[in-house]
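Colleague: Once you've looked at the hints, dock chain D against the given chain C.
Number of protein chains: 2
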Amino acid sequence: MEMTEMNKGILFIISGPAGSGKGTVVRELISSHSDIKLSVSATTRSPRPGEENGVHYHFITKDEFERRIKNGEILEYTTYCENYYGTPLKEVNEALERGNDIILEIEVDGAMQVKKKIENSVTIMLTPPDSVTLENRLRSRGTETDEVIKWRLERAKEEIRLLPDYDYSVINEDGMSDKCAEQIYGIICAEHKRTLHTRDIIKKFI
Amino acid sequence: MEMTEMNKGILFIISGPAGSGKGTVVRELISSHSDIKLSVSATTRSPRPGEENGVHYHFITKDEFERRIKNGEILEYTTYCENYYGTPLKEVNEALERGNDIILEIEVDGAMQVKKKIENSVTIMLTPPDSVTLENRLRSRGTETDEVIKWRLERAKEEIRLLPDYDYSVINEDGMSDKCAEQIYGIICAEHKRTLHTRDIIKKFI
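Protein chains in written order, with the working numbering: chain C, 173 to 378; chain D, 173 to 378.
Derived from the structure by calculation, the hints contain no laboratory data.
Among the hints, a few may not be true.
Same chains, same label: a pair holds when it works inside one copy or across any pair of copies.
What the hints assert, rightly or not - Below 30 Å or equal to it, Euclidean Cα-Cα: the simulated BS3-like pairs (lysine-lysine) are:
1. K376 to K322
2. K287 to K329
3. K180 to K329
4. K180 to K287
5. K209 to K351
6. K288 to K376
7. K180 to K351
None of these values were measured; they are calculated from a predicted model.
Chain C extracted, bound-state conformation (with noise of 0.2 Å):
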């Protein structure tokens, strides 16, 4: 991650299907790479126990919620249980204009849409590795109605389909989420490489 000083970070929009296994990657990423930031999302539903305001999330009101969405200051969001969840654009932009990286794990439907927003954005897709995996994963969950596993697994598989809009994708297999964090962070630091990102260096040799 050697960056000039003057270089803005990069914003890595990490995707994935039901069954990818994202927010373990993701969460193995941070921890083993302490100078890559996770955003932190704003939501409308309560603090659980231990979860601190502006570190789990910015806790914040429906009407806030709303009014900030009505403004453009949220750059994506969903709603899961009838509570408000989205990324703050604000806080997105000040870490990037820092130079720090910053990942943003998010639903495929808000993927395509946050990356025509935020330039040089960079998306991957986390998969499985296939359709069987696919459905022991959605099944080991116990929770669910056959009827509801299988629509999960139909939208997981067109979810899977978008892929080509995608920058990068990454395969995460069982057991292997330590291996598939690994394949991400080389991409983080491949596309620091990227002349976009590099191009200062010429300032050297004038």
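Modeller: For chain D alone, coordinates are given in the frame of chain C:
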């Protein structure tokens, strides 16, 4: 370098001005990663003791070389001390079809020429860290007059100005060619994760 059997290899064009140390870095890269092959050039110069035809160079006659140029069978070429040096197109294409990655170490003026001819090839420019280091490296050869060194320095700086035309650039610091080679290897691995090369995974979910 995990690739599915169907995938074609990728051509990596590694270039840089005199003093970038590209020769050393590429040797380092090849020797530590047996899965990466260096393209074998054709030349009209005579073999030196120990040089094997087809290993160090394809040794061919001047007439044959000129016939191949005329027929478009040479991807790029240059002349040095009245001898031709060039890259046979057929060999590169065959290796890529077999799924092998190929490294082409060439001069800056040939790199863009080749990129246009080989689809999805990737260009990487190696640079010294700054102009003082560049000049030291050019002087340390000790065989050239001040005038020649000055000319080579100016030419190197002009070539570095072409960096934005390349996909990636990597700095080769003094005594760090192994680190530089690993950064290039990182770029190679990351390029294989581009959805251009990974989209076949979708077939596993149909």
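Colleague: All hints, please: hold or fail.
Modeller: Verification of the hints:
1. K376 to K322: Between. Shortest inter-copy distance 17 Å satisfies the 30 Å Cα cut-off; intra-copy 58 Å does not.
2. K287 to K329: For K287 and K329, the Cα distance is within 30 Å only inside one copy (22 Å; across copies 35 Å).
3. K180 to K329: Answer is between; shortest inter-copy Cα gap is 25 Å, intra-copy 35 Å.
4. K180 to K287: Intra 16 Å, inter 28 Å, cutoff 30 Å: intra and inter.
5. K209 to K351: Answer is both: 19 Å inside a copy and 25 Å across each meet the 30 Å cutoff.
6. K288 to K376: Intra 33 Å, inter 29 Å, cutoff 30 Å: inter-copy only.
7. K180 to K351: This pair counts as both: shortest intra-copy Cα distance 27 Å, inter-copy 24 Å.
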